[in-house]
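*Asks:* The lines below spell out each chain.
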Amino acid sequence: MDAVVKKIIIEVKKGDQQAFSELVEIYKDKVYQVAYRMLGNAHEAQDVAQEAFLRAYTNLETYDINRKFSTWLFRIATNLAIDRIRKKKPDFHLEDQVAGTEDLNYYSQIATDEALPEDQVVKFEMQEWVQNEIMMLPPKYRSAIILKYMEDLSLKEISEILNLPVATVKTRIHRGREALRKRLRDS
Amino acid sequence: MACENEYSHLIHKYLDEEMTLLEKKKLENHLLHCADCSGHLRELRKTVAIVQSASHMEAPKDFTANVMKQLPKETRTNQWKTWTRRHPYLITAAVFFLVFIMSVSSIWTGGQKEIIVQGDGHFVVDEERGVVIIPEGEVISGDITVRNGDIEIAGEVNGSITVINGELIYSDLTNGENYLASTGHVAGEINEINQVFGWLWFHIKSFFSDVINVFN
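If you read the protein sequences in the order shown, they are chains A and B. Heads up: the first sequence runs through residues 1 to 187, numbered per full-length UniProt numbering. Heads up: the second sequence runs through residues 1 to 216, numbered per full-length UniProt numbering.
The following block holds chain B by itself, in its conformation from the complex (with noise of 0.2 Å):
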């Protein structure tokens, strides 16, 4: 016993490997000879080893959600803006979005009870009826837009025709089956938009023709 006394702290530096080579020969050598010591550290290297055998422990499963729960709240403007730097994308696309949105709303909400034309040439608007009328031998140049009123054509458009909260009105019924005054004539198409639905389509798909526009 008083030999392993001396020599356990020579044991547990060997047992750490912080040995010089020299002090480990001396300390083999005496454990061949020495059952006290030998048997010590045999002892000592079946407990490491057992310990080191314990299995690793797992944490609860709802170990992180109950961290996470207990955090001090974010403040709104913190998650606010680690929203945003997750979702860039959505943030432009919403912000796109609504922009878009006013300025169509803003043209929709316009200017409602008035009639409003757009186009090039000589046209008669009659208030009362709510009627725009291109008369019989004038010519409307390009596009012509027609808003809150409807349109009655005896003369000749060389471009397209877009009633928005009206219709294009017979001026002729002999020619039922088409909206056109049998004189009338259009060189394009002619869009009817009564709905907001319909109406924002046409922008929507208005808009697009128009940004490929700018970058043709």
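With the rest of the complex left out, here is chain A (with noise of 0.2 Å):
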């Protein structure tokens, strides 16, 4: 699988752009799925994972050949989407209060929101809950246990894709774990 990647790669930069599909046609679904469980919406995940292919096409003459190609590729997946994630983050936190009541925070303004269709339609209930889950942990986190769980990616392998020492990988996943355990319980 490395020695077929390698070479397509030393294709595409000979000028081979055709062979370029090929290293899509490879790792889209992956990229795709980091993409939406960071983001949680279609749109937005195939805008980000096509943008993440883009960039590793341009900068394709900055990548080592001796490392392997979707530790680099993930790199730029997962900083798109925390890219995308700041852009459009509200400058509150979930957990805080909304103003003028005395206890309702905005997780429970979230909560009214699964009543919309679109989220209705979905057969799946349990992986419907698992995204919405994985949504209310902070970005940090979030990336951590997507590569980690969905991605089964190791703990170096994570550390190279986030820039981030093993031992924060490890706290973040725990972290992640914990919140997502406790969320579990209540719900």
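The set of hints was computed from the structure by calculation and includes no laboratory data. Each residue gets a CB set at the ideal place from its N, CA and C atoms; glycine is no exception. Heads up, a few of these hints could be off.
Stated by the list, open to error - Listed next, the in silico DSS-like pairs over lysine-lysine satisfying Cα-Cα at most 27 Å (straight line): (1) B/K25 with A/K170; (2) B/K69 with A/K30; (3) B/K26 with A/K170; (4) B/K69 with A/K7; (5) B/K61 with A/K30; (6) B/K69 with A/K14; (7) B/K61 with A/K6; (8) A/K6 with B/K81; (9) A/K170 with B/K24; (10) A/K156 with B/K24; (11) A/K140 with B/K13; (12) B/K69 with A/K68; (13) A/K6 with B/K69; (14) B/K24 with A/K182; (15) B/K69 with A/K13; (16) A/K156 with B/K46; (17) B/K81 with A/K14; (18) A/K7 with B/K81; (19) A/K13 with B/K73; (20) B/K46 with A/K30; (21) B/K13 with A/K156; (22) B/K46 with A/K182; (23) B/K13 with A/K182; (24) A/K30 with B/K73; (25) B/K73 with A/K14; (26) A/K13 with B/K81; (27) B/K26 with A/K182; (28) B/K73 with A/K6; (29) A/K170 with B/K46; (30) B/K61 with A/K68; (31) B/K13 with A/K170; (32) A/K140 with B/K46; (33) B/K61 with A/K7; (34) B/K73 with A/K7.
Said to hold, decoys possible - Computed beta-carbon distance windows for the label pairs: (35) B/N29 with A/D2: 35 to 45 Å; (36) A/M136 with B/E28: 28 to 38 Å; (37) B/A65 with A/D186: 35 to 45 Å.
Make the complex out of the two chains shown on their own, each in a separate frame, by following the hints.
*Replies:* In structure tokens form, the structure reads like this:
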């Protein structure tokens, strides 16, 4: 697999643009999944995933052929997704109290959104639940959990993708896991 | 709950399978007696299982096409380079064909007006009538080729006759069913070529027989 990817990359570097489509075919689902899990909607996910591939293409010269391509590609994708989250991030926190109320925080506001028809169509409630819960996590825990449990990557790979020490990745996974557990118990 | 906080870190370590055997034994021993902690571990495992169960997603169908559409345009030279690299035989064949066509067309167009005769022996060229005459008693030792003119044979030709843009004519009408004059004699084949395609075909044939001769 790695040898095949290497061969394709060399072809692309030589100027064979068509060969790049083979790379897209190999990684599109994984990259799309990371983007979707991070952002929580198909439109933005497609946008970010496509952008990730375009960046990979234009910056291919900076890619070190001796390192794992998927790690490099995931790094581009997660960075783009995190940038996107930051841009649309509201400047309040979900745990904050809604102004003028006693014990109402933004979590309860979000809960009312679940009545949207778009969400009701979803057949697999558990799937939806997982995605909702992941979206509740702060982005730094979210990325760690997604890479660990949805992409099945090793801690070392995750640390390279997120550009963090392995110990920090561990902590984030622990905290993310803990937050999910609490929500699961409460739901 | 105090217990849970104390053990929380250990439980995560346990879940990540990053414990020494001794640590593991100690924790497992504790879990047997502590409902809070064993419940905590069970919930974490369940959480992980649910997250992992989230089915793998697929990118939209037109994903690859969309990406490829948005890539910066390849430069013309790059496209050409890529294409030629992918089709080396086609390029070879195309170049070969081009050279062939050029040489053939130069032969075809060259000297359109003049009568050109190739062959060894005595013959007479009648410019006014546009006829090459091999008089009686004369012998052409090899092949003869006449272009842009007719040929009239009263003598002998030991090889083949090729007439391009012309024809064999009768010098003796008593021998009506034959192209040759009654006294004429041709040992080889007679080819008359009056069309470009016929001309091409003739050249292709002779070219390949030349090639075969070279290799022989």
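*Asks:* Give a verdict on every hint.
*Replies:* Tested hints:
Of the pairs offered as hints, the one joining B/K25 and A/K170 holds, with about 22 Å between alpha carbons and a cut-off of 27 Å not exceeded. Restraint check for B/K69 and A/K30: the C-alpha separation of about 20 Å stays at or below 27 Å, so the hint holds. A threshold of 27 Å between alpha carbons decides the hint, and for B/K26 with A/K170 the separation of about 22 Å falls inside it, so the pair holds. With a C-alpha separation of about 22 Å, the suggested pairing of B/K69 with A/K7 holds against the 27 Å cut-off.
Pair hint B/K61 plus A/K30 holds up; C-alpha atoms about 14 Å apart against a cutoff of 27 Å. About 19 Å separates the Cα atoms of B/K69 and A/K14, which keeps this hinted pair within 27 Å; it holds. With a CA separation close to 25 Å, the supplied pair B/K61 and A/K6 stays within the 27 Å bound. Pair hint A/K6 plus B/K81 holds up; C-alpha atoms about 21 Å apart against a cutoff of 27 Å.
Using a Cα cut-off of 27 Å, the hinted pair A/K170 and B/K24 holds, with the two alpha carbons roughly 18 Å apart. In summary, the hint linking A/K156 to B/K24 is supported, as the alpha carbons are separated by about 23 Å, within the 27 Å threshold. Between A/K140 and B/K13 the alpha-carbon distance is near 20 Å, which keeps this suggested pair within the 27 Å criterion. About 26 Å separates the Cα atoms of B/K69 and A/K68, which keeps this hinted pair within 27 Å; it holds.
For the given pair, A/K6 sits about 23 Å from B/K69 by alpha-carbon distance, which is consistent with the 27 Å threshold. This hinted pair checks out: B/K24 and A/K182 have alpha carbons roughly 24 Å apart, not beyond 27 Å. Of the supplied pair hints, the one linking B/K69 and A/K13 holds, its CA atoms being roughly 18 Å apart against a limit of 27 Å. Of the supplied pair hints, the one linking A/K156 and B/K46 holds, its CA atoms being roughly 24 Å apart against a limit of 27 Å.
Taking the CA atoms of B/K81 and A/K14, the gap is about 10 Å. The hint holds against a cut of 27 Å. Restraint check for A/K7 and B/K81: the C-alpha separation of about 18 Å stays at or below 27 Å, so the hint holds. Only pairs whose Cα atoms come within 27 Å are accepted, and A/K13 paired with B/K73 is accepted, the gap being roughly 14 Å. Only pairs whose Cα atoms come within 27 Å are accepted, and B/K46 paired with A/K30 is accepted, the gap being roughly 24 Å.
Of the pairs offered as hints, the one joining B/K13 and A/K156 holds, with about 16 Å between alpha carbons and a cut-off of 27 Å not exceeded. With a C-alpha separation of about 11 Å, the suggested pair B/K46 and A/K182 falls inside the 27 Å cut-off, and the hint holds. At most 27 Å may separate the alpha-carbon atoms for a hinted pair to count; B/K13 and A/K182 meet this at roughly 18 Å. The hinted pair formed by A/K30 and B/K73 meets the criterion: a straight-line CA distance of about 26 Å does not exceed 27 Å.
Our distance criterion of 27 Å between C-alpha atoms is met by B/K73 and A/K14, whose separation comes to about 15 Å. A threshold of 27 Å between alpha carbons decides the hint, and for A/K13 with B/K81 the separation of about 13 Å falls inside it, so the pair holds. Simply put, B/K26 and A/K182 have alpha-carbon atoms about 25 Å apart, close enough for the 27 Å limit, and the pair holds. For the given pair, B/K73 sits about 23 Å from A/K6 by alpha-carbon distance, which is consistent with the 27 Å threshold.
Annotation: proposed proximity of A/K170 to B/K46 holds, straight-line Cα distance about 19 Å (limit 27 Å). Restraint check: the Cα-Cα separation between B/K61 and A/K68 comes to about 26 Å, which is no more than 27 Å; the hinted pair holds. Distance hint between B/K13 and A/K170 is fulfilled; the C-alpha atoms sit about 9 Å from each other, no more than 27 Å. Proximity of A/K140 to B/K46 is assessed by CA-CA distance (about 22 Å); at most 27 Å being required, the pair is judged to hold.
Straight-line distance between C-alpha atoms of B/K61 and A/K7 comes to about 25 Å, which keeps the hinted pair within the 27 Å bound. For the hint pairing B/K73 with A/K7, the CA-to-CA distance comes to about 22 Å; that is within 27 Å, so the pair holds. Distance hint check for B/N29 and A/D2: the Cβ-Cβ separation is about 44 Å, which falls inside the suggested range of 35 to 45 Å. A hinted range of 28 to 38 Å holds for the C-beta pair A/M136 and B/E28, which are about 32 Å apart.
Separation of B/A65 from A/D186 is about 44 Å and conforms to the stated range, judged on CB atoms against 35 to 45 Å.
In this structure, every one of the numbered hints holds.
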